[in-house]
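Starting from the known structure of chain A, fit chain B onto it as the hints suggest.
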Amino acid sequence: MAKLTDLTLAEAREGLKTKRFSATELAQAHLDAIEAANAALNAFNLVTPEHALDMAKASDARLKKGEAGALEGIPLGIKDLFATRGFRTTACSHILDGFTPTYESTVTGNLWREGAVMLGKLNNDEFAMGSSNETSYYGPVVSPWRRKGSDAKLIPGGSSGGSSAAVAARLCMGATATDTGGSIRQPAAVTGTVGIKPTYGRCSRWGIVAFASSLDQAGPIARDVRDAAILLKAMASHDPKDTTSVDAPVPDYEAAVGKGVKGLTIGIPKEYRVDGMAPEIEALWQQGVEWLKAQGAKIKEVSLKHTKYALPSYYIVAPAEASSNLARYDGVRYGLRMPGSDVTSMYENTRSAGFGAEVKRRILIGTYVLSHGYYDAYYLKAQKLRTLIKRDFDEAFKEVDAILTPTTPSPAFAIGEKTGDPLEMYLNDIFTVTVNMAGLPGMSVPAGLSSEGTPLGLQLIGKPFDEETLFRVGRAIEEAAGPSARPRDWWSRAA
Amino acid sequence: MSVDRATVHRIAKLARIAITEEEAERLEKELSGILDWVAQLDEIDTKDVEPMTRVVAMTMRQRKDEVTDGDCAKDILKNAPSTDDGYFVVPKIVE
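Sequence order for the protein chains is A and B.
Residue 0 is where the first sequence starts when you use numbering that gives the first Met the number 0, and the numbers rise one by one after that.
Residue 0 is where the second sequence starts when you use numbering that gives the first Met the number 0, and the numbers rise one by one after that.
For reference, chain A alone in the conformation it holds in the complex (with noise of 0.2 angstroms):
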């Protein structure tokens, strides 16, 4: 047999079923996994041994019984954006240090209540302000990929770089992550994972570290797109709690895998050639369109011509709300307090020591942007941009069932070698950040490696809450490209 840790979610699912092996002992592999490889990647930032036992043992139960639910027994990583009662919860950042919340987030307590089974809390940049994990204050994720022939330590991608590590070294079946302008798309894309970003509104929001609540949304990172449709289904609900939640039934993602494209026309934006594109993304992009040409799918250019305004946009948008949500880290109510000689020097000491160098730059540009007399100029314009952005896809969505781009400008970069610049850093997010200023369904499925031997994906854009399409074209990339290539264990103490 094949080592548990191996399996897909799925197969999981089935072997669990029919008995094969228990949700404790798939647990336990689990745990040995971590345990050997947490020194070297850094992933995980929380790992809950016992507690996972203790819900893998509630899981057998549950199996002879016969009342599994979906995901009964499997084991997942949980970023650490969600709250988890009674397990410390900080968004990776010092300010939010020991924090231990006493609720649960509403996607972690689905998953929980479908027999999950939590492993523990995953690294992400701190706040989820990142595209590289290097911004978190319990040190960078490696990614379990390296470059042919050198060991430098490469980025798993960000801000969900502890999700994409994790499950591309195979330490859990699947983990939460968030998106709020590329953060699932990103690292899924550079550890050969599959990551979707559900339509605005698709998760609730309710217990997860707000960054910029219009455009902040919760998915799965997985192995494959089957599993990434299995954990979607589970994570997406209505939520009374969070008003912007949709109150419409979740379909059934995975019933849409296999479905096949004959008789989808699929939409290549002509705005996504940007300048200086590295050749193998711009070679890659037309492997897909002939994939799913091969496979049946019609093929229409389409013209998204705000394209290049989503990134400046986003970056009033996003420091803004952000500024905004993180007024409330103030040293009296949670986290760190460090001492003044009156309340405000207690506040301005307590949030200079607490926030890193990133989060500081995003809340003063935030707060810049919506200071007295600059509102209309910024925030407004950003959120009229958006406007326009959306009309954009709107009428190519009237020609066209799903919209082919790369997910990122190239594969992952070394640790450190893009920290100087913060402009640099955020053209990361040039392809994915129009999906969240236009609130619609993105995912990326790896579609082949680069040539430094390291992974690329495609990204994959649908109309609103039409999921159910990016999960049959994703399996559409994922048939053609064929089993994808996995990371050669550097990292396990054993190996």
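Hints were generated in silico from the structure; no laboratory data involved.
Treat the hints loosely; a few may be bogus.
Unchecked claim - Within a straight-line C-alpha distance of at most 27 angstroms, the following computed DSSO-like cross-link-like pairs (lysine-lysine) qualify: (1) A/K307 with B/K46; (2) A/K63 with A/K16; (3) A/K359 with B/K28; (4) A/K307 with B/K28; (5) A/K397 with B/K46; (6) A/K18 with A/K56; (7) B/K73 with A/K240.
This is chain B only, laid out in the frame that chain A set:
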């Protein structure tokens, strides 16, 4: 459209983040760089465009006006750095 040193200090004060002169120097450059870059949005005339507020038209449901939560003072205070007799404690505000 550039940010000067005094503006950096003013917004840091508004954001309640203590910054050193060294940080202010770095932030002056970084914030100016970012704001100069977003200034390209001025190329687009948005006079007659409505700001985006939602992805698809949906009516928000109203819930019954009734208490759904409460009696959890202990939970609320559990993570506070300093509490006393059911209250959050902060440095003296009024002399």
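- Task: Output the numbers, in ascending order, of every earlier hint that fails for this structure.
- Result: No numbers; nothing is violated.
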